[in-house]
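Participant: When we follow UniProt numbering, the leftmost residue of the sequence shown carries the number 1, and every step to the right adds one.
Do not rely on the hints blindly, as some may be mistaken.
[Said to hold, decoys possible] Quick list of the computed label-pair ranges, beta carbon to beta carbon:
1) 282 to 114: 18 to 26 Å
2) 77 to 235: 18 to 26 Å
3) 79 to 43: 20 to 28 Å
[Said to hold, decoys possible] List of simulated lysine to any residue pairs, SDA-like, C-alpha gap at most 20 Å:
4) 56 to 110
5) 37 to 62
6) 258 to 177
FYI, nobody ran anything at the bench for these hints, they're computed from the structure.
These numbers were taken from a predicted model, which means no experiment stands behind them.
All residues carry an ideal CB built from backbone N, CA and C; glycine is no exception.
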Amino acid sequence: MNLHHLSVFREVMKTGSMSEAAQNLGRTQPAISLAMKSLEESLGITLFDRDTRNLKPVPEAYYLLAEADSMLGQMSRLQRTMKRMQVGDEGEVQLAVMPGVSTVLFPEFLGDFTKNRPDISLSLHTRSSTQLRELVSSQGVDFGFGDYDEDHSRTEQTQITRVSADSLLAVPRGHALAEYDTVPLSAIDGLTFGGMLQDHRFERRIQSELNEANIKTNIRFRSQTVLPLMKFVSTGQCCAIVDPLTVSSAQLIGLRHKDVVFRPMTQPIRYDYAILVPKLRRLSALSRQLASAWEIFLFDKLDEMQTQPSKKILD
């Protein structure tokens with residue numbers, strides 16, 4: 001017994017005629033008769049009373065019809081689902097995104113991405129960049145986005161796209177530096193700043209650049225992510241060198257036009273992000289589409305802020 005037998009059987013039951021079933025299915029009557037004979041032999045039961053002029057189903061045939069309808073319906077739904085998954089219109093994606101981006105900017109992107117895809121489901125996990133690198137490396141999620149780290153280039157389990165862009169200076173509205181179109185490093189000498197934790201790669205890069213230029217700042221506030229520092233900037237308590245996606249998030253929550261001004265620097269300090277996908281298993285069409293759409297969204301945001309974005313794929 002196979003699905004072809006069940007399909008033929010259902011049509012015969014529906015029409016009550018071998019010849020009409022053959023016509024509806026585009027087959028010859030002998031082919032339909034042979035399929036019915038094969039089905040009966042495989043089941044060890046006679047499905048029709050052939051002593052009458054017309055086909056008369058036996059009681060067991062009605063039970064088989066209900067089961068055949070169920071099985072063929074499931075197969076039809078499965079075929080539709082697989083076709084939709086193949087083009088990215090259906091499926092599930094597991095995502096791991098660093099905290100600063102997962103709270104504001106990434107949901108905005110996901111809202112646009114899912115708007116015309118009602119049959120997809122997403123699970124967004126907020127993880128530190130170190131944690132999400134491990135998740136992607138272990139093939140535990142379909143997509144990751146976080147801070148770039150040099151350790152990425154040594155993994156064989158993950159494909160990494162490094163995206164780099166200029167950071168910006170955040171100053172309180174009304175601050176003297178808000179009048180600059182572009183702020184030189186020398187102008188921030190001696191100012192009070194907010195910064196990331198000292199072991200963060202970006203914070204180390206900032207301090208290296210400032211030390212090389214012999215610039216001293218007073219770090220009053222520190223945070224694991226950049227966005228919380230905007231509260232101190234908005235209340236006039238400090239300035240901060242921030243990554244461009246924090247700027248974009250701040251704009252989304254209304255800080256740009258309220259209490260904080262963002263300015264480029266004449267000696268820009270680059271911030272590095274990483275898009276990560278598993279290497280050891282083939283991604284679904286939906287996962288590939290999401291990763292590609294995020295990269296486009298990301299570059300559009302960085303281009304809007306004129307932060308000179310660039311990318312490099314590390315295999």
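Participant: Evaluate each hint against the coordinates.
Facilitator: Verification of the hints:
no.	hint	in the structure
1	282 to 114: 18 to 26 Å	holds, 22 Å
2	77 to 235: 18 to 26 Å	violated, 57 Å
3	79 to 43: 20 to 28 Å	holds, 25 Å
4	56 to 110	violated, 57 Å
5	37 to 62	holds, 17 Å
6	258 to 177	holds, 16 Å
Hint check: violations occur at hints 2 and 4; the rest are consistent with the structure.
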